[in-house]
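So the sequences go chain by chain: A and W.
Every letter in the first sequence is one number past the one before it in this note's numbering, and letter 74, counting from 1, is 337.
Every letter in the second sequence is one number past the one before it in this note's numbering, and letter 7, counting from 1, is 313.
The set of hints was computed from the structure by calculation and includes no laboratory data.
All values derive from a computational prediction rather than experimental measurement.
Any given hint could turn out to be false.
Capping the alpha-carbon separation at 27 Å, the derived lysine-lysine pairs in DSSO-like fashion look like this [as the list claims (entries may be wrong)]: (1) W/K417 with A/K427; (2) A/K427 with A/K325; (3) A/K352 with A/K314; (4) W/K477 with W/K422; (5) W/K373 with A/K267; (6) W/K558 with W/K485; (7) A/K427 with W/K422; (8) A/K470 with W/K422; (9) A/K427 with W/K373.
Using C-beta positions, here's what the derived DEER-type ranges look like [as the list claims (entries may be wrong)]: (10) A/K271 with W/P387: 46 to 56 Å; (11) W/E400 with A/R340: 16 to 26 Å; (12) A/K271 with W/E355: 23 to 33 Å; (13) W/L374 with A/P286: 43 to 53 Å; (14) W/K478 with A/E473: 25 to 35 Å; (15) A/R340 with W/K373: 15 to 25 Å.
Beta carbons are placed, not taken as given, at the ideal position from N, Cα and C, and that holds for glycine.
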Amino acid sequence: MKRKDDRKPGELRPIVARVGVIPRADGSALFSMGRTTAIAAVYGPREMHPKRMQSADSAVLKTIYSMAPFSTSERVRPGPSRRSHEICKVTRQALEPAVFLKEFPKAGIYLFINIIEADAGTRTAGINAASLALADAGIPMRDLVTAAAAGKVGNDYFLDLEGKEEDETKCDLPIAYMHNEKKITLMQMDGDISPKDARGVIDAAIKGCEVIYDIQKKALMEKWGYKKPHAAEKKEPAETGEKAKQAKEKPAEKKVEPKKAEQKKPAPKKSTKKEVKK
Amino acid sequence: MIVQKEHYRNLMLNGMRVDGRKPDEFRKIDVEINPIYKAEGSARVRIGETDVIAGVKIDVGTPFPDKLDEGILMVNAEFSPVASPDFEPGPPGENAIELARVIDRGIRESKTIDNKELCIKKGEKVWMVMVDVHIINHDGNLIDAAGLAAITALHNARMPEYDGEKVIYDKKVKKLPVKYKPVPVSLNKMGDHLFVDASIEEEEVAETRLTVTTKDDGNVVAIQKGGSEPLSIEEIEKAFEIAGRISKDLRKLVK
Numbered sequence: 264m265k266r267k268d269d270r271k272p273g274e275l276r277p278i279v280a281r282v283g284v285i286p287r288a289d290g291s292a293l294f295s296m297g298r299t300t301a302i303a304a305v306y307g308p309r310e311m312h313p314k315r316m317q318s319a320d321s322a323v324l325k326t327i328y329s330m331a332p333f334s335t336s337e338r339v340r341p342g343p344s345r346r347s348h349e350i351c352k353v354t355r356q357a358l359e360p361a362v363f364l365k366e367f368p369k370a371g372i373y374l375f376i377n378i379i380e381a382d383a384g385t386r387t388a389g390i391n392a393a394s395l396a397l398a399d400a401g402i403p404m405r406d407l408v409t410a411a412a413a414g415k416v417g418n419d420y421f422l423d424l425e426g427k428e429e430d431e432t433k434c435d436l437p438i439a440y441m442h443n444e445k446k447i448t449l450m451q452m453d454g455d456i457s458p459k460d461a462r463g464v465i466d467a468a469i470k471g472c473e474v475i476y477d478i479q480k481k482a483l484m485e486k487w488g489y490k491k492p493h494a495a496e497k498k499e500p501a502e503t504g505e506k507a508k509q510a511k512e513k514p515a516e517k518k519v520e521p522k523k524a525e526q527k528k529p530a531p532k533k534s535t536k537k538e539v540k541k
Numbered sequence: 307m308i309v310q311k312e313h314y315r316n317l318m319l320n321g322m323r324v325d326g327r328k329p330d331e332f333r334k335i336d337v338e339i340n341p342i343y344k345a346e347g348s349a350r351v352r353i354g355e356t357d358v359i360a361g362v363k364i365d366v367g368t369p370f371p372d373k374l375d376e377g378i379l380m381v382n383a384e385f386s387p388v389a390s391p392d393f394e395p396g397p398p399g400e401n402a403i404e405l406a407r408v409i410d411r412g413i414r415e416s417k418t419i420d421n422k423e424l425c426i427k428k429g430e431k432v433w434m435v436m437v438d439v440h441i442i443n444h445d446g447n448l449i450d451a452a453g454l455a456a457i458t459a460l461h462n463a464r465m466p467e468y469d470g471e472k473v474i475y476d477k478k479v480k481k482l483p484v485k486y487k488p489v490p491v492s493l494n495k496m497g498d499h500l501f502v503d504a505s506i507e508e509e510e511v512a513e514t515r516l517t518v519t520t521k522d523d524g525n526v527v528a529i530q531k532g533g534s535e536p537l538s539i540e541e542i543e544k545a546f547e548i549a550g551r552i553s554k555d556l557r558k559l560v561k
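Go ahead and model the full structure; you've got the sequences and the hints to work with.
What follows is the structure in structure tokens.
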């Protein structure tokens, strides 16, 4: 079956991921897929208020998801709804396994997710933005959490359904996935589908998560991976004396070098940890 | 209490339970049909000491602007402070909302009620079916108990008469058109084991929960993961298998 926007069944919508979009926040990120855009900000770890919400042996990940009134064709009434309450809960539970909350007893980590434009897949976009924002804030994490939704239209498993496709799909199944452990931290489904097909849809969603994982890493590198190429540039003038000739002979190779360095860099969690130690 | 929790944890890690049940064994289930006379349909479900009442009220209202020829289904849950020291008065909390929405999704997505049949006059008047779930005593596994109560109440609901102006609740005209029996089965994960029908103590120590709602033909109509530990794909497949098997027995209780 053909998709409305000519995507392949296993193709994601165009993705934009950026880190550090809110300078006032301790960590922030923007994540958009097609016409769905989420902005996440992290404040903390800081003192948890009210105090009775504190946890004696770990931090509390306070998650608030909200949609801007102008984000959908029909105005969203401001303030919490039943839907947003549920999404707050599942988002928090999707992220908690990845965060070392025990490092900050009694503290609160405040995570705010704003959907500024919605065209299906807002909870997955929100989770993707949130996990980038947490990493950006330097909060120690086991892994990035990546989320994607898939569904079944006709006989095909469609990845990352957009608004119009949601009406004809047999099911809508969002998952959140931890890449290193290959484990699922969020799973919801509504629809009507056999268990075998459900497995197929889960596999399709995981494939999407793996693509997004690389995009998330790249987004973190753009901000935090900046220092290495800079350091390499500084070294260059020192080497020019000896290697100036070589460099002139092989200019093409020189250009490739910084890219290689980027690829070999360790996973983002390590880079963010360094920031914490500072 | 800590010692007790440790005891539960150790047993569950070995696939055992304090009350001697097997991992895939329910407590005693008791379903009472139409205990509430004023409601259009109702059911009281007891699973062990968990006690839940679901009531169906039917009214006439205006349809949603995007679905002019469809009736309205609403599921709401109230975790009344009578049921547990952990429940606080006030508007429904996260867990109550999640429970209601998971049950709502199961009924809605399985097309158990054909919303088009609930249309009285297109664009003007439709039937509104409201299912309210009240928790009377909380001893774990609220979602399964509430789901079973809600679908039983719907199956036993009778529609009141409507004379064009007002609803006459004293006269019941016909049965509410309900087709399927979607029932949720919640599985709690501990170590390598999955347990159905967890008691409140088991829920407290369990790592994570997965609720799978299946309908009569074995199709999955709703999934919801709760809890803050991850699940592997193998565990999810195992959960599908157990939920599919157990739900057949639960469906026999819906009359």
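> Any of the earlier hints contradicted here, and which numbers?
Replying inline: Of the numbered hints given earlier, those the structure breaks are 2, 8, 12, 14, listed in rising order.
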